[in-house]
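Trainee: Residue numbers (our numbering), protein chains in the order written: chain U, 99 to 362; chain X, 99 to 362; chain L, 99 to 362.
Note that these hints are calculated values from the structure, not bench results.
One or more hints might be untrue.
Note that identical chains are pooled: a pair holds if it fits in a single copy or bridges any two copies.
[What the hints assert, rightly or not] Listed next, the in silico DSS-like pairs over lysine-lysine satisfying Cα-Cα at most 25 angstroms (straight line):
#	residue 1	residue 2
1	K189	K352
2	K178	K315
3	K288	K338
4	K215	K175
5	K288	K189
6	K315	K247
7	K338	K118
8	K247	K112
9	K247	K215
10	K112	K288
11	K112	K189
12	K178	K304
13	K247	K118
14	K215	K352
15	K315	K175
16	K304	K175
17	K315	K352
18	K189	K118
19	K304	K189
20	K112	K338
21	K288	K118
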Amino acid sequence: MLELRLVQGSLLKKVVESIKDLVNDANFDGSATGFSLNATDSSNVALVALLLRSEGFEHYRCDRNISMGMNLNIMAKMLKFAGNDEIMTLKADDGSDTVTFMFESPTQQTIVNFEMKLMDINSQHLEIPEVDYHAIVRMPSSLFASICKDLSSIGDTVVISVTNEGVRFSTRGDMGTPNVVCRQNTMVDKPEEATIIEMNEPVSLKFALRYMNSFTKATPLSSTVTLSLYSGQPVVVEYKIAEMGYIRFCLAPKVEEVDDEANP
Amino acid sequence: MLELRLVQGSLLKKVVESIKDLVNDANFDGSATGFSLNATDSSNVALVALLLRSEGFEHYRCDRNISMGMNLNIMAKMLKFAGNDEIMTLKADDGSDTVTFMFESPTQQTIVNFEMKLMDINSQHLEIPEVDYHAIVRMPSSLFASICKDLSSIGDTVVISVTNEGVRFSTRGDMGTPNVVCRQNTMVDKPEEATIIEMNEPVSLKFALRYMNSFTKATPLSSTVTLSLYSGQPVVVEYKIAEMGYIRFCLAPKVEEVDDEANP
Amino acid sequence: MLELRLVQGSLLKKVVESIKDLVNDANFDGSATGFSLNATDSSNVALVALLLRSEGFEHYRCDRNISMGMNLNIMAKMLKFAGNDEIMTLKADDGSDTVTFMFESPTQQTIVNFEMKLMDINSQHLEIPEVDYHAIVRMPSSLFASICKDLSSIGDTVVISVTNEGVRFSTRGDMGTPNVVCRQNTMVDKPEEATIIEMNEPVSLKFALRYMNSFTKATPLSSTVTLSLYSGQPVVVEYKIAEMGYIRFCLAPKVEEVDDEANP
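With the rest of the complex left out, here is chain U (with noise of 0.2 angstroms):
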């Protein structure tokens, strides 16, 4: 059976609000090592790994492997039970087809508690490859979020740059030709405002501004994120979840060569 109790119960909240646009059916995967999911979006573009390490669970139990796959919507609407402050217990038996949620306040004045029933996803376990990337950025999440924003109500796509000025995120719409550039900044009053560039090579790649969007919608999970770049190579937007593990989000890039746009 697997049974887990997180103390802050509105962290899966989040996890979901996250990644349900982008995926709509998912198995979540219980093991020794924590609880974690790998799926793909719909259209087999972008991909996304989630992993809460068992360590930041305040009870842990695992006594073998367990997959379940759940709808992200219906779970999205049973967990606005969950406040804010609310401590969550996920229970799953083995070789059942349903998995039980409870959600209680802290004073324990309030107990919700619903049944959810499991689905049978057949899905491929797609691994994001760790390599040496050409460049990674680090800088505030709501930054980022902004930025994508933003740059999508002039254009579709994005291209993300880093070069020894800093990092460039430009687009190209009827209307112009706006671009953003983040320097290395380091030298702030709290450590999540800074923005650090570590390049090995400049790099410069083209995404699409819708997956950009639905990506950071992890924003409330982390205040910040980390770019990887590789050029040709899909980037890699990574939350960190304090304590337990990350979110992360794996892009192809578009294949049309990158444009003057993004080296004015």
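Based on these hints, arrange chains X and L on the given structure of chain U.
Mentor: The following block gives chains X and L in isolation, referenced to the frame of chain U:
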């Protein structure tokens, strides 16, 4: 003539907001006792009873009983002129077919006047009967509102059951069967955060969530709500209006047998 | 060339937001005096005049008069990139058909650049005449905005009347005839909360609320608004822009006889 002056003029605004979706047209009745309203919703399933006692007004004069038919949606639009701190004066001459409202800001800087046409409304005056209820639950009004809202994203009805365990709200939908249990809890920082359950007999009743959600529009009027339950009888949902009276909603239960979702 | 640098870059954003629903395309004019705009709305009923004086800029250079035609909706989208603290630089070369905007965050962490195409716009430069008004009312801009908004839920027009009593805003609709009286009031905690009425002669004029509501989009630019009224003449609604200039709207009155709703 009727003439009344209410220091907290926004109270009438909140009252109208809380019932306008349930009742389109209704008679407001002035008498020596106070300012009141008794109405059924358009489908005759729910009853609403409002009382604002004469002592609660800064000034209250009612020479003879008067019944004033008003359209609540028009009233709601008119009352938008009243800010939160405004002092309200309402005047109606006997036999007149209009009523005048005046709102003064505390500093007298702005004064809003409007005259509204009265309507002839035939209505029967239905009293909510007082009985020895099987169970009376007092709980935070915001908690009750959020439970009703969350349940209605899953199902159409709520079963409210009071047992030794506490009060249980449950629904049933395609995607699962959530239930929320609120336990008696008086160990709270503020008295209005308590959940107090008086049970003479266990009781379990099923109601349409659509109406419950409509009743919770009265949440801004009071920090607590009281549910009075009697087997086979309508529930009374009461919001006290501080030092003035109350607004009560009365709803007949669904007559199908209460199934096991309430008693798992 | 024109080159100007504005520490409070969000100001241009607020200016564009406040006029873009009234005017689609307009010429921004640069001269030694400052940066200005004069335009009529598409139906030629209202006039808008903006002035940002050169002294208000951190840096201002204008070698010769320049007129730059811009689409205000495109501009508004572009200006979304500018956060609230950003420093704006605008550059246009003489004879060029583009203008560049740059927004720098105070810490220099992010820099937004965009180039926008200019348009040829034929426009006549209409001055708002200065006259000895019958009455001038200065009042909190948020109060004026909320009165116009509330009245427009009842009727289409507002009669603005200045008498010894104060300034009265009234409308007439199917559901009643609300009116709001604001009295002279200088006994306030903050000077911007005052209502100051200078009356040489009583005056009463009727205007379309649709335009008034549009003008109130300039509310974020100033905590006070000034209404200058002259019988039979257009009203001037002015929002001062601190230490820089103003935005003025001018609207012709409705010519039907002002009926008794204004003088009950």
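Trainee: Hint numbers the structure violates, sorted upward?
Mentor: As far as the earlier hints go, 1, 5, 14, 19, 21 are violated by this structure, in ascending order.
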